[in-house]
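**Student:** Take these sequences, add in the hints, and give me the full structure.
Each chain is listed here by its residues.
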Amino acid sequence: MPPQIDINWACVYYESLTTFLVFALGLPALLFQLAMPEIRYVLHRRPSTWLLFWIPAPCLAFCCMAFIWCFHPCPDDSLSMRKCEAASWLITVILILLVVWSLFLSFWGRRLLIKILRFRITRLYDSNNSIDIETLDDLIYLGEQGKRGNEKKSVLDELKKLAEYVIQSDGYDGSVLDNVIKGVEKIVANGKEPGCRDDFERATEILISIKNHLNVQSKKNQFALQIPMNQGEGLVLTDAHDYRIFHKVLSSVQKKTKLKVVELADKNDYRIVIDVLRDICLSAVKHEFTSTGKDCVEAIVPKSTALFQIGKFAFLEGHHFVSLVSLNKLDDIAQRQLKFKANEDVFNLLGLIAYFWAGGESSRKQAEDYLRDVKDMFDPSFMVCTEAAIEYHRTFPHYDTADKLLILLREYPF
Amino acid sequence: MKPKILWIEDEATGDMSSFAGPVYASMKYEFVIAGNASEGIRRIIEAESSPFLAVIVDIRLQPGDTEEWIDYFGQRGKDPKAARLGRELLYWLFKHEQANVKLMDKRPQWIVNQQHRFGILSVETKEELKKDLDELGITEHVTKKEDTPHTVLLDMIKKLVPKISNPARESEA
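First to last, the sequence lines map onto chains A and B. Take 3 as the starting number for the first sequence in the numbering used here and just add one per residue. Take 506 as the starting number for the second sequence in the numbering used here and just add one per residue.
Wrong hints could be hidden among the right ones.
Claimed, not checked - In silico DSS-like cross-links for lysine-lysine, where the CA-CA straight-line distance does not exceed 30 Å: (1) A:Lys213 <-> B:Lys607; (2) A:Lys117 <-> B:Lys607; (3) A:Lys213 <-> A:Lys341; (4) A:Lys163 <-> B:Lys611; (5) B:Lys507 <-> A:Lys163; (6) A:Lys377 <-> B:Lys664; (7) A:Lys367 <-> B:Lys507; (8) B:Lys664 <-> A:Lys341; (9) B:Lys509 <-> A:Lys155; (10) A:Lys377 <-> B:Lys607.
No lab work stands behind these hints, which were simulated from the structure alone. Computed from a predicted model, the values in this text were never measured in an experiment.
**Tutor:** Below is the structure:
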């Protein structure tokens with residue numbers, strides 16, 4: 003005779019069911035606690051993504067109830083071999099699924115979450131042509147807190163896809179990606195968990211591809227810039243942002259040389275990407291990632307101020323290869339004009355050469371050789387340009403550079 | 506203007522600072538390094554209005570981000586030695602019909618009959634590349650060895666750019 007339902011059986015049945023349900027509900031919480039703090043932080047901010055952890059709960063609860071149901075006493079054929087077999091299969095499959103899901107979450111949970119966030123950003127971008135800052139911040143936070151290597155790579159890869167998606171869309175006006183650009187910097191060049199060499203290279207690649215796209219877009223603006231440069235007349239202002247200071251500094255030179263100030267419109271569409279490339283370069287130099295430093299320097303041309311800052315930093319940090327590359331690029335910019343005019347590009351070139359001059363015997367030899375080659379190309383003279391460069395750097399105020407230029411002015415055999 | 510020089514070189518090999526250092530230190534060239542085949546082609550195409558006076562190519566290159574290069578590199582087991590993307594790049598430029606990598610049909614005009622501006626700096630010996638060098642019409646080739654002087658790149662550039670076009674620096678040249 004099959005066992006009948008009595009009070010004992012009902013108690014055991016109820017207790018088992020409760021235990022299984024509590025376990026089913028507790029499992030997601032356990033998985034959640036096992037997740038990395040930054041993932042928990044993002045999940046807290048986005049309850050919709052909790053589904054990732056809660057998917058097993060109802061499945062487990064259902065399976066537990068089904069398992070108990072198999073052993074539910076009934077008048078006929080109770081606990082037959084068929085039912086026992088079914089129950090065994092059920093419990094085994096449940097356990098395997100749970101293990102697989104837990105492993106999946108521990109290995110791929112972060113990546114899945116990152117993909118969900120990127121997908122959400124692109125979906126919102128499609129509907130209103132702007133990037134959802136809150137979701138982007140979460141994505142960047144995961145990259146910032148992630149370990150160097152794979153964890154940062156997965157976020158950078160998604161940011162790359164996002165940038166490509168936005169660039170290829172019709173509504174892209176050049177400023178939408180500003181937060182993505184800043185985010186790339188936060189991920190690799192933060193003080194807490196800086197990226198590895200590959201992370202820096204990947205970040206540089208993203209920024210260069212954005213910059214190249216913006217470069218093509220602003221070709222029309224640059225055309226206006228090139229006309230006076232080719233004619234070789236006037237003082238060329240390449241940075242409208244610093245116009246007021248620049249104009250003040252140059253007024254003395256202007257009086258001496260009777261040069262005309264030509265105001266040019268440079269919309270600086272890609273100022274942010276250049277600034278971030280410069281900062282990443284400085285950080286790369288600090289971490290001795292010379293190749294990335296060189297790539298950034300190449301990408302920053304023709305922004306002489308950023309090149310000067312990188313060159314100076316690299317020189318002071320003892321990374322002379324990068325400072326030499328910067329000096330070359332500054333010289334390339336200066337040589338695009340017929341003569342070395344008293345302009346910002348030349349002031350930055352002279353600023354950097356002054357560090358070489360005052361740095362040590364070998365770097366002074368490098369500066370001497372270079373100045374011997376180019377000193378006749380200055381118009382106004384090398385001395386006048388150097389004096390103007392001192393004023394320029396003093397006004398900003400780059401006192402250390404102005405001091406180095408004073409040493410050059412005092413010691414160079416004009 | 507300084508003579509523009511392009512070096513297409515796989516930066517992963519670590520030759521960059523040792524070979525490029527003397528070129529930068531000379532301060533005589535507008536020197537550009539392309540780190541892979543895609544970037545190399547991009548630089549060559551972009552130079553239509555301001556051509557390079559010398560282009561030095563490594564045979565073993567990484568593909569970069571162009572699909573055609575990536576596909577071909579994949580077909581060759583992702584092995585730079587087997588893929589020889591530098592060779593493919595030169596074939597695309599000068600012997601389009603024999604190139605294994607089919608990029609766009611239109612090639613830059615400034616490279617037409619300009620093989621004398623191109624040189625190869627690679628670990629492959631002249632004998633290994635003889636057939637390709639003859640076919641492409643490139644004469645300047647240097648093999649990278651353990652004892653290759655680090656001025657090799659500068660020396661190659663001097664050979665390829667016999668006359669410095671910057672009047673202010675002619676005296677030193």
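**Student:** Determine which of the earlier numbered hints do not hold for this structure and return their numbers in increasing order.
**Tutor:** Of the numbered hints given earlier, those the structure breaks are 2, 5, 9, 10, listed in rising order.
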